[in-house]
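Heads up: the protein sequence lines correspond to chains A and B, in order. Under the working numbering, the first residue of the first sequence is numbered 39, with each subsequent residue one higher. Under the working numbering, the first residue of the second sequence is numbered 39, with each subsequent residue one higher.
Errors might be hidden in some of the hints.
Straight line, CA to CA, 20 Å or less: simulated SDA-like cross-link-like pairs of lysine to any residue [said to hold, decoys possible]:
#1 A/Lys59 with A/Gly90
#2 A/Lys111 with A/Asp161
#3 B/Lys288 with A/Asp142
#4 A/Lys288 with B/Gly304
#5 A/Lys288 with B/Arg308
Listed next, the stretches of chain A that the computed footprint assigns to chain B, with coverage defined by at least 3 CB atoms under 8 Å from CB atoms of chain B [unchecked claim]:
#6 128 to 138
#7 281 to 295
#8 311 to 319
By construction, these hints were calculated from the structure, which means they are not laboratory data. Idealized CB from N, CA, C, for every residue including glycine.
Number of protein chains: 2
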Amino acid sequence: MYATMLYGAGDVRFEDVPTPKVQLPADAIIRVTASCVCGSDLWPYRGIQDYGRPVAMGHEYCGVVEEVGSAVKSLRPGQFVIGSFFASDNTCPHCQQGYHSSCDVREIVGGAQAPLLRVPLADGTLVATPEMPGDDLVPSLLAVSDVMGTGWFAADAAQVRPGSTTVVVGDGAVGLLGVLSAHLMGAERIIAMSRHPARQAIARQFGATDIIEARGEDGIAQVRELTNGIGADSVLECVGTQQSMDQAIKVVRPGGYTSFVGVPHGVQFRGEDLFFGHVHLHGGPAPVRRYLPDLIAKVWDKSINPGLVFDLDLPLAQVADAYKAMDQRTAIKAILRP
Amino acid sequence: MYATMLYGAGDVRFEDVPTPKVQLPADAIIRVTASCVCGSDLWPYRGIQDYGRPVAMGHEYCGVVEEVGSAVKSLRPGQFVIGSFFASDNTCPHCQQGYHSSCDVREIVGGAQAPLLRVPLADGTLVATPEMPGDDLVPSLLAVSDVMGTGWFAADAAQVRPGSTTVVVGDGAVGLLGVLSAHLMGAERIIAMSRHPARQAIARQFGATDIIEARGEDGIAQVRELTNGIGADSVLECVGTQQSMDQAIKVVRPGGYTSFVGVPHGVQFRGEDLFFGHVHLHGGPAPVRRYLPDLIAKVWDKSINPGLVFDLDLPLAQVADAYKAMDQRTAIKAILRP
Numbered sequence: 039m040y041a042t043m044l045y046g047a048g049d050v051r052f053e054d055v056p057t058p059k060v061q062l063p064a065d066a067i068i069r070v071t072a073s074c075v076c077g078s079d080l081w082p083y084r085g086i087q088d089y090g091r092p093v094a095m096g097h098e099y100c101g102v103v104e105e106v107g108s109a110v111k112s113l114r115p116g117q118f119v120i121g122s123f124f125a126s127d128n129t130c131p132h133c134q135q136g137y138h139s140s141c142d143v144r145e146i147v148g149g150a151q152a153p154l155l156r157v158p159l160a161d162g163t164l165v166a167t168p169e170m171p172g173d174d175l176v177p178s179l180l181a182v183s184d185v186m187g188t189g190w191f192a193a194d195a196a197q198v199r200p201g202s203t204t205v206v207v208g209d210g211a212v213g214l215l216g217v218l219s220a221h222l223m224g225a226e227r228i229i230a231m232s233r234h235p236a237r238q239a240i241a242r243q244f245g246a247t248d249i250i251e252a253r254g255e256d257g258i259a260q261v262r263e264l265t266n267g268i269g270a271d272s273v274l275e276c277v278g279t280q281q282s283m284d285q286a287i288k289v290v291r292p293g294g295y296t297s298f299v300g301v302p303h304g305v306q307f308r309g310e311d312l313f314f315g316h317v318h319l320h321g322g323p324a325p326v327r328r329y330l331p332d333l334i335a336k337v338w339d340k341s342i343n344p345g346l347v348f349d350l351d352l353p354l355a356q357v358a359d360a361y362k363a364m365d366q367r368t369a370i371k372a373i374l375r376p
Numbered sequence: 039m040y041a042t043m044l045y046g047a048g049d050v051r052f053e054d055v056p057t058p059k060v061q062l063p064a065d066a067i068i069r070v071t072a073s074c075v076c077g078s079d080l081w082p083y084r085g086i087q088d089y090g091r092p093v094a095m096g097h098e099y100c101g102v103v104e105e106v107g108s109a110v111k112s113l114r115p116g117q118f119v120i121g122s123f124f125a126s127d128n129t130c131p132h133c134q135q136g137y138h139s140s141c142d143v144r145e146i147v148g149g150a151q152a153p154l155l156r157v158p159l160a161d162g163t164l165v166a167t168p169e170m171p172g173d174d175l176v177p178s179l180l181a182v183s184d185v186m187g188t189g190w191f192a193a194d195a196a197q198v199r200p201g202s203t204t205v206v207v208g209d210g211a212v213g214l215l216g217v218l219s220a221h222l223m224g225a226e227r228i229i230a231m232s233r234h235p236a237r238q239a240i241a242r243q244f245g246a247t248d249i250i251e252a253r254g255e256d257g258i259a260q261v262r263e264l265t266n267g268i269g270a271d272s273v274l275e276c277v278g279t280q281q282s283m284d285q286a287i288k289v290v291r292p293g294g295y296t297s298f299v300g301v302p303h304g305v306q307f308r309g310e311d312l313f314f315g316h317v318h319l320h321g322g323p324a325p326v327r328r329y330l331p332d333l334i335a336k337v338w339d340k341s342i343n344p345g346l347v348f349d350l351d352l353p354l355a356q357v358a359d360a361y362k363a364m365d366q367r368t369a370i371k372a373i374l375r376p
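Excised from the complex, chain A in its bound form (with noise of 0.2 Å):
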């Protein structure tokens, strides 16, 4: 099959590859029905993360089953499924936590930018619709797989509250899927921090109630004037970067709560900021698997819409345009369709 490699920076092949098999008993395979390319693919894509080798690309998918191992009890060929970044068994004390991508034996899932993926762990990683969406649905239920369970967290993590006053830090998908939980989670004021135009207005669409374009002091005295002085109850941390961590840690009230769900790439936190900070501060690797049930259902009664953060819908022979439309910023997410 033809599949999606990344063989270092801003190099994206589409190319021949073998065709994924069951290879443990607990595997499915799966027929991709849609991928995306994810923020996180372009740490590597811009040669800021390098994996020596050439690596199969995606992990964020939705499809239907086309084979599962012997020892898979609760999926069956040509069932619609939704999974995670990171397969995990959905059993072990992690998992029984909540914190699926912390499991005992979990795997991540690659080369999700193809027709058909091996899914390890089937039974705990996979969740199964209803049943076969309507071709509408489809980029709302790949967004649970990654950016709308990662920004679901981030709210979640940040402990967002009815009435809560809260900050998102970042307009990429993953900070607009943050301000759309926030808003389902009941937050009052939702101060979404972006200088794009297209961004902002999806911001505004998903329940911002605010938009601050300015950054660094600027930004943080705009918070600042916005709370009356108080800083923000919950505030969501949705890019990775010291400088988006710094203005997150800066923004939120004595005992609020920041979260950080962006991959931080060298971000380092100074004891006396969140020490005379007060800061509650809760991150980490989304556990989509904790929310897939729940998030899907939503969908599923069309409450949310969080697939309105796919702006570019290209095939998937056309991955490298994907990747260098989100590279660029001309596209918020890009939906690749085998």
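Fit chain B to the supplied structure of chain A, relying on the hints for placement.
Same frame as chain A, but now just chain B:
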């Protein structure tokens, strides 16, 4: 009056200073019944923190109201009161959220190692006991002023719950009272990290179920073993050094809670450690005022005895000996009687 001044590293003097007076309408003057030396007093005593001028020492106190300013409504001379190291108004938005130590108008209370003490914002800061306490209660009421309130915050911030597995890093007075607090909150297993037999004995008396003497990688491995490889639900970091913080971060389970209540000195947190460890992190100067009514009630009905941490009882005039004993760790904590 004669009171305690620190002139520089190791240079504690008990000398004649002006008697404190009501300066502002919200002030109270209290006649100190007992004061003590704090672990944080040892930083400047060791020269690690340099004020560049003589400083009136002491911020833990209980005593009898001597005089109140014209704006003080809730207190009257003759009442026995306890306050915290930060004076707070108990009405600002941060106080209302329970973060009195981030009060908008907070002031550090200093000069408590003395016969008389000026406490600003007296209505918001001081809490009176139901009546004059017996001598037997004084050490425990004094402990509530800082170390017990701080240990309680450590356990609260680390979300200790009935059945929790808890690790306490640090066997100073705060660590020991963190053990007691975790026990009172229902922790099933409490692992105290200590290599001092006398402190281990108090830890056991306060509810520790396990003692680990090892530090560093060995200490981490032993906690992992005791917790079946899972890690602890709650970890209380009660020291404030990089080494103890690293220990605390590495023994918590994914999704678990680490608190830190010792002023961090040059501590850095690596973003990747917090991210991939799925740690919840929260700390800061303990909002002792939040807990005072409850903790005073617990001391009053003798359900707790935090005063056990005082193993050296000296007249105030011997304050220099108290510093020396705590610096050399021959005493856990010294109580000073004017």
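Task: Index of numbered hints that the structure contradicts, given in increasing order - done: 1
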